[in-house]
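A.B. asks: One-letter residues, chain by chain:
Protein chains: 2
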Amino acid sequence: MSAAEGRPIRVALLGCGTVGGEVARLLTEQAGELAARAGAPVELAGIAVRRPDKHPELPPELLTADAEKLVTSDDVDVVVELVGGIEPVRGWLLAALEAGKSVVTANKALLAEHSADLFEAADAAGADLYFEAAVAGAIPLLRPLRESLAGDRITRVMGIVNGTTNYILSAMDSTGAGYAETLDEASRLGYAEADPTADVDGYDAASKAAILASLAFHTRVTASDVHREGIADVTAADLAAARMLGRTVKLLAICERVTDDDGVESVSARVHPVMIPRSHQLAGVGGAFNAVYVEADAAGELMFYGQGAGGAPTASAVLGDLVAVARNRVVGGRGPRESAHAALPVRPMGQTPTRYHVSLSVADRAGVLAQVAQAFAAHGVSIAAVRQSDVGDRASLVVVTHQAPDAALQSTVDEIGRLDVVHEVVSVMRVEGEDQ
Amino acid sequence: MSAAEGRPIRVALLGCGTVGGEVARLLTEQAGELAARAGAPVELAGIAVRRPDKHPELPPELLTADAEKLVTSDDVDVVVELVGGIEPVRGWLLAALEAGKSVVTANKALLAEHSADLFEAADAAGADLYFEAAVAGAIPLLRPLRESLAGDRITRVMGIVNGTTNYILSAMDSTGAGYAETLDEASRLGYAEADPTADVDGYDAASKAAILASLAFHTRVTASDVHREGIADVTAADLAAARMLGRTVKLLAICERVTDDDGVESVSARVHPVMIPRSHQLAGVGGAFNAVYVEADAAGELMFYGQGAGGAPTASAVLGDLVAVARNRVVGGRGPRESAHAALPVRPMGQTPTRYHVSLSVADRAGVLAQVAQAFAAHGVSIAAVRQSDVGDRASLVVVTHQAPDAALQSTVDEIGRLDVVHEVVSVMRVEGEDQ
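Residue numbers (the working numbering), protein chains in the order written: chain A, 3 to 438; chain B, 3 to 438.
Hints listed in this document are in silico derivations from the structure and should not be mistaken for laboratory results.
Positions of the beta carbon are idealized from the N, C-alpha and C atoms, including for glycine.
Check before you lean on any hint, since a few could be wrong.
[To be verified] So, partial list: chain B residues that the calculated Cβ filter (under 8 Å) puts toward chain A: (1) P315; (2) A319; (3) S341; (4) I385.
In isolation and in its complexed conformation, chain A is listed as follows (with noise of 0.2 Å):
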């Protein structure tokens, strides 16, 4: 046990918004429950807001609008990190960790994107930087990955890891209803952001795919690398023709180690809608929840369920890393280091291996099928279920493939689009998970 033991542990948060209010209220309420966990109490040394003047709850006396000053102050172990966005936050958490603090931190965009040179600044100062609020709020994730499968091979996460997307295809799917006037009842019941471009468009899920990723390969994926559409152009029809094969739509997150035939290892990460059936657990996963399946050599198959975001749950998150660095800070040690000693390459969406729907309304006579099927053949694409069905003087096809480059099967499905008997791709999408 360390000298230290007992002396308090100080903290400085920077932002004091809805998670931010979160920790500075448990910081107090829970401080004996925290003191005993941690080993000496944790105590808050100051609160960095844009506006003092606009925060009457909190202690005046802890309050400052100099982030750059408090976090290098002599009075500070440890700074918790709320304000998000990548500038000025990325060079107050450099500074901090120059100077022998700790961070616990749930931005994941700055993570996405400068986790190497902030991983490289707590390697040298012998600091902890923890993250687990940045992915799926509350859900312990990141630790598992980093410490509890320390011992396995991971070969692939997916989830749903963004409650806004998943909130608008929830409702989608319940009411038939199309994108636009989903996403218009879910801003007004505030489901939805003013501005909701970072999560329909699959930028707040790509972000987290790279945090996955990098942690569970043991290699560095930034944001720019993970390929990602978002759920703008999802239309009633996918969803309708989903229901057709027992299916549902969710946005995932989906990152996998892929070898090659030259047996050459490499990882891709990827953000997009993905048709699954209705007896798979992620299918259940409704409204802001997120789950995470993890696949492990040795473990199998793991997941993860909980609540995504919120101040209450990302605070808890935020706590239980706050306790560990405090402890670490107690005993003398530090915990796991980031390792990035893979070193894998990240394979490009079109090499990497996915399935397809593809449901296309047609003519109805003699020969559509083998013109189809024909077009699918010349791409190396191979077919694992097609369902025909007429209405009126057209048909229905539906096909489902094998798994095949995600370039052939784009270039199958332009071919298609082009073909005289088929009057209209009514709905492309990627599939995942076996019918049952």
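Start from chain A and add chain B according to the hints.
C.D. replies: Below, chain B without anything else, positioned relative to chain A:
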């Protein structure tokens, strides 16, 4: 960074059955990966087995029958115990901890009885005691409870933690067969041990409940504090009754914080069969899988799912702990200590609030419902739902109650069984989860 970085971490393995064999294999096959993650090579210093001559598959120079000597050898940093049972293992692990070795164990029975001694020895020596593999196999559950949720207040842990009983109940549900017949089939298929007592009578689940309650509530709960009922009395009629209500039956471990009317806090830990709605996520957990719900004030509802047993999944959890312990040695710190600072009393089962389902065969005449309802009322038990249906000259009466102390519910059932108008108490079972 400690000067020890780079020096190999030497491991003594006690026991080399299914799990131990996997651990030994992975330690060799994944040596490079494990070294990268731990910050130093992780090497086998010795393997203690009862009969070294029975293990031609292992390097003979590592084998010994003298576990007692191996665990305190100067050449050993960490002891991995996979023998199981209380004695002589307890003595070995105490000796190892007293000699400053860290310990990784999957021994739930030992932890559920003697964790206090073991944690004291670990604390006195500044050594680590990790045991993720003791509960729910590969599922990262204990580390999230101990660390990720360290800043939150856990109110409830509920789950399926025994694969054998889950397999049997799932099979009874899908085939309609009785308990004895299904157990025979499970034994034949290798899902149940030759002596299935520890599983079917709930001892295994009770040990796990004790460990979960201790960690979740920062208090000390032993296996003997856990109310325990196995599945041997679950009948085909129970499952049929559950099916009628859109429910199924699972053996659950339930650990709760209970606050009585005077504001006094206590904990309740119990293992018994429970009717849950088929729409509940635990209802869909089939075969040998485990799943555990955790509810916390700030985090809300979390769920963890995965393989609960088996050589490779259990080895994954052991290796995760081993890497953590090795890394703690390399950086010169240690992991979180156990905390039993809350020291909450354990509530007797009779005073624990539960809800009952009671299915009766009653005389088909006026006034029967009134008599039955009067019996519930006399014990202060409020009825949530009643369903009555005629079958010939008898009637079936199903009652689901609101929450009441378990003893009051038991007394009510006893009294109802003695009523003249009741021909038979067909099924009595506790229920969890809201009907939809």
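A.B. asks: Less than 8 Å between beta-carbons is the criterion; does B/I385 satisfy it with respect to chain A?
C.D. replies: This hint is violated: B/I385 lies away from chain A, its Cβ roughly 31 Å from the closest one there, beyond 8 Å.
A.B. asks: Holds or violated: the hint that B/P315 contacts chain A, with Cβ atoms closer than 8 Å.
C.D. replies: 5 Å, holds
A.B. asks: B/S341 was flagged as interface toward chain A. Is the shortest Cβ-Cβ separation under 8 Å?
C.D. replies: 6 Å, holds
A.B. asks: Using Cβ atoms only, decide whether B/A319 comes closer than 8 Å to chain A, and label the hint accordingly.
C.D. replies: Holds, because the Cβ-Cβ distance from B/A319 to chain A comes to roughly 7 Å (cut-off 8 Å).
When the structure is compared with the earlier hints, a violation turns up for hint 4 alone.
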